[in-house]
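Colleague: Below are the chains, spelled out letter by letter.
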Amino acid sequence: MLVQQFYNNPKFHDFLHSNFILYQATRGVDEGDKVYERFGIRATPTVLVLGSDGSEIDWHVGYGPPPEKFLERLEKTVKGIDTFKLLSEKYAQGPKNVEVIFKLAEKYDDRYDEEKATSLYNEVLALDPDGKKGTTDYRDKEVTYTEYAEFSLARLSLYSRKRDAEPFKAFIRKYPESQILEEAYMYLGSYYRYAGSKEEATQFFEEYTSKYPENPRALNYYVLRIIRDKDNLDRGIELAEKIKDIMRYNPSPSYMKNLAELYTLKEDTDKAKEAYGKDFMEGQVSSLGYDLRDYAEFWVKQKSNLESAEAMMELAVQLKPDSLYVIRSIADMYIQLEKPEKALKIFGPEYIKNQMDDSNTLYSYARFWADQEKNLNSALEAAKKSVELAPAPFKWDALSLVNLKLKRYDEALEAAKKAVETAGDQAARYEKRIKEIEEARAKDKKK
Amino acid sequence: MKKKLAFSLLFIILASSAAGQNWFKGTVDKALDQAKNEGKMVLVDFFSPG
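First to last, the sequence lines map onto chains A and B. Numbering (this note's numbering) for the first sequence: 1 to 447. Numbering (this note's numbering) for the second sequence: 448 to 497.
Excised from the complex, chain A in its bound form (with noise of 0.2 angstroms):
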């Protein structure tokens, strides 16, 4: 994703080629490996700034678009803000700066170096043990720099060789009102659904449940535990029919199954394929057509993102080939692109023939290609088909306009008049398509 949404995107090429040499080292390949081993990466996406003596300045690890925020980190580095290397000059200046201590530590957990992070953070707790010395922004949340460490300690440990939970257990009960504390029962809980022991991790699930009742996470790591204890099942089906009357309108396929494996252990396969069988997953793969369908749909209208758009229309075609809404939709993009040999290839006559007994089908065809002013033959062909199986206003108003296109006013004439008598107290609608026809026979017995 950094790769096709930074690296690769024109409009950050003047910043990177003016401040850097762009050098790229690739795992699995020989020198990519040397210099991952080099300078002890542990993750990617790492991007390390080397000064041209080879000294580290930054670094900045993971990405999450936009790609405009990754530019942001990046432009700090070039201005020297909060670097590494401006951090660590600060420390060994005044090694009781607590701001800046916190902040190596910071670049150094990062960095997945839990030794010099713990000693870092551990100074922070040292320095300021009542948590007056600062604040962090903590996804939007204020922290102070002791809270922050500590809660940053607990997740090193809970991480650690020893997969230590106490910490985390001691910074709930000192923190009882703190701004992330339902992230460290988040870290507790994906620590008890495969560890401890089965009435610890009960223990445990029942408080976190009880404090976040309505967290299909929390739910969902208790569902876990129970799966893997094959204990206690009843309560798991019950959390896991929770999840899924909270998730109805948008159900995660891996909840699902995890409701799915609950009746299966209870051996109830007719629940189980009700909650994820072959009614669920169809439904998925049709929201997604639609959903493919609405992203290309947005930026075909926004003349951006061309290619994606194309990409994700094939597909929904793929996903959708019997929706006769998906179908004309994309046709409808594929004219707007310029493109009606695509239209056609995919709401042509090659579509058509199949729909010859389809009243509805028949006339959106025809009136699509009437407005595109193409295909005219094939459209002529379906609104007559389109009136013959269920005549209605609408459906002779078709063919009438698909005539005049053809510039056969007689029967155009003909059959906007079946429309206008058969319309009833919405004749009105309809008149004005006599007049359009004898205008433009009118104009073309001038020429």
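Hints listed in this document are in silico derivations from the structure and should not be mistaken for laboratory results. Relax, there's no trap hidden among the hints.
Below 25 angstroms or equal to it, Euclidean Cα-Cα: the simulated SDA-like pairs (lysine to any residue) are:
#1 B:K472 - A:L74
#2 A:K76 - B:N484
#3 B:K487 - A:F39
Once you have looked at the hints, place chain B on chain A.
Modeller: Here is chain B on its own, set in the frame of chain A:
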């Protein structure tokens, strides 16, 4: 149909990564030499395919 769909998705991902940036060709030490000559820094992108 599933194979065709999977192939389409794979093509989109690969096609998207193929374009774009000119990375320095050579060792990182040679990149540092060039950086010194041009008064720039070296940006090392650690990349893992797949």
